[in-house]
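2 protein chains.
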Amino acid sequence: MTSGHGPQAGETAEDARIVRTRADVARTAFDVLVEEGSEALTHARVAERAGYSKTTLYKHWPARSDLAATALEALRDFKHYEPTGDTRSDLIGELTTFRQAVLDLRLDLVLSAMAQWATLDTMRHVRNEINSEGQRPIRGILEHVFEGPELEAAISMLSGVVACPSLMFGTVPDDDVIEAAVDIVLNRARPSR
Amino acid sequence: MTSGHGPQAGETAEDARIVRTRADVARTAFDVLVEEGSEALTHARVAERAGYSKTTLYKHWPARSDLAATALEALRDFKHYEPTGDTRSDLIGELTTFRQAVLDLRLDLVLSAMAQWATLDTMRHVRNEINSEGQRPIRGILEHVFEGPELEAAISMLSGVVACPSLMFGTVPDDDVIEAAVDIVLNRARPSR
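Top line first, the protein sequences correspond to chains A and B.
Take the first sequence: its letters are residues 1 to 193, numbered as in our numbering.
Take the second sequence: its letters are residues 1 to 193, numbered as in our numbering.
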């Protein structure tokens, strides 16, 4: 819906101002979400923190779900691990990056907020898209060694080794727990890998 | 905080009425949580749905976190799978029961609501206790075959095979995915089991 790109050829000062407003509001909405919780993500609160009028916010983001979708755009900049081609290292690298995003971006709070919002059709679509995108690297690596139910199980299991402790207990796994999870999964992988 | 037991010897009509009020409100608070979302869990909304005055609610549950804690008491009645002693069957049985609770009790929404509330100290304690209790059967089974980092990894991974699809995509795993997850984990278990 909004875009993070800067001013381009042919853009007027008005266009540039709108681009800046959208970027400011997207960033502030994300900060409100992770620092104050999903219930604080209202037009009034984001307007106050971003320094814009509520009228401006309602004009660009009429519904609260629009604000939520804008907040989640910050996740699109999330940098995944750069794969090396070694299955074990790549899985450990991707899970370690996921763990860092829980610590830095509070991805656990984002995940749980998205699950809460998913009772709305519009938010369910956004949630599914963002989570598919988030799991894409792990799926890509595991597709080389699993298929069918084992592939689906392995994707959920490796996501769970980071997601479950953070969502259920507010903690993240140590390195040796991440490595143990990857070894448990790869021990079962077909020999052809 | 509240108790679900019925009137006992020595209880007055007043005591019995309080017990009934508490049970009604706990049940209604849980229904509001899973049917309307965590943001709807307010004194006004629960009073309206349960047919009590807001004054009564504020008297027994002064803070919103008290209402949330009361709503979560419904989970204490959750029936885990009755273990048979066979590790594979017991893990599949427990995960199938967990999956059913996602469908029947919307445990996915409860989990995500608890994660959102955990920014409050009081709710963090309640959340950790409920989630520890929820994972206890799986931990008990896996303690016979794993220890250390592998044990922690296996617990999060098997929780994740149900929790991740439900929280991330609003779906639950098929039987063959649950079985594949258990087989992936047990394939790595030490031979002494």
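None of these hints come from the bench; they were simulated from the model.
Possibly wrong hints are sitting among the right ones.
[What the hints assert, rightly or not] Some residues of chain A that are not near chain B, with every Cβ distance over 10 Å (derived):
#1 T12
#2 A16
#3 S65
#4 P83
#5 N131
#6 E152
#7 A153
#8 A154
#9 F169
#10 I184
[Claimed, not checked] Selected chain B positions facing chain A (Cβ under 8 Å, derived; list incomplete):
#11 E39
#12 A118
#13 H125
#14 V126
#15 N128
#16 G140
#17 V172
#18 D176
Each residue gets a CB set at the ideal place from its N, CA and C atoms; glycine is no exception.
Okay, the hints, checked on the actual structure:
1. T12: Holds, since 39 Å exceeds 10 Å.
2. A16: holds (36 Å)
3. S65: Given that every Cβ of chain B is farther than 10 Å from that of S65/A, nearest at about 13 Å, it holds.
4. P83: About 21 Å separates P83/A from the closest Cβ of chain B, which puts it past 10 Å; holds.
5. N131: violated (4 Å)
6. E152: violated (5 Å)
7. A153: Violated, because the least Cβ-Cβ distance between A153/A and chain B comes to about 4 Å, which does not exceed 10 Å.
8. A154: violated (7 Å)
9. F169: F169/A is in fact no farther than 10 Å from some Cβ atom of chain B, at 6 Å.
10. I184: violated (4 Å)
11. E39: holds (5 Å)
12. A118: With a minimum Cβ separation of about 6 Å from chain A (threshold 8 Å), the hint on A118/B holds.
13. H125: Constraint on H125/B not satisfied, violated at 11 Å.
14. V126: violated (12 Å)
15. N128: holds (6 Å)
16. G140: Since the shortest Cβ distance to chain A is 17 Å, the answer is violated.
17. V172: This hint is violated: V172/B lies away from chain A, its Cβ roughly 11 Å from the closest one there, beyond 8 Å.
18. D176: With Cβ-Cβ at 4 Å, under 8 Å, it holds.
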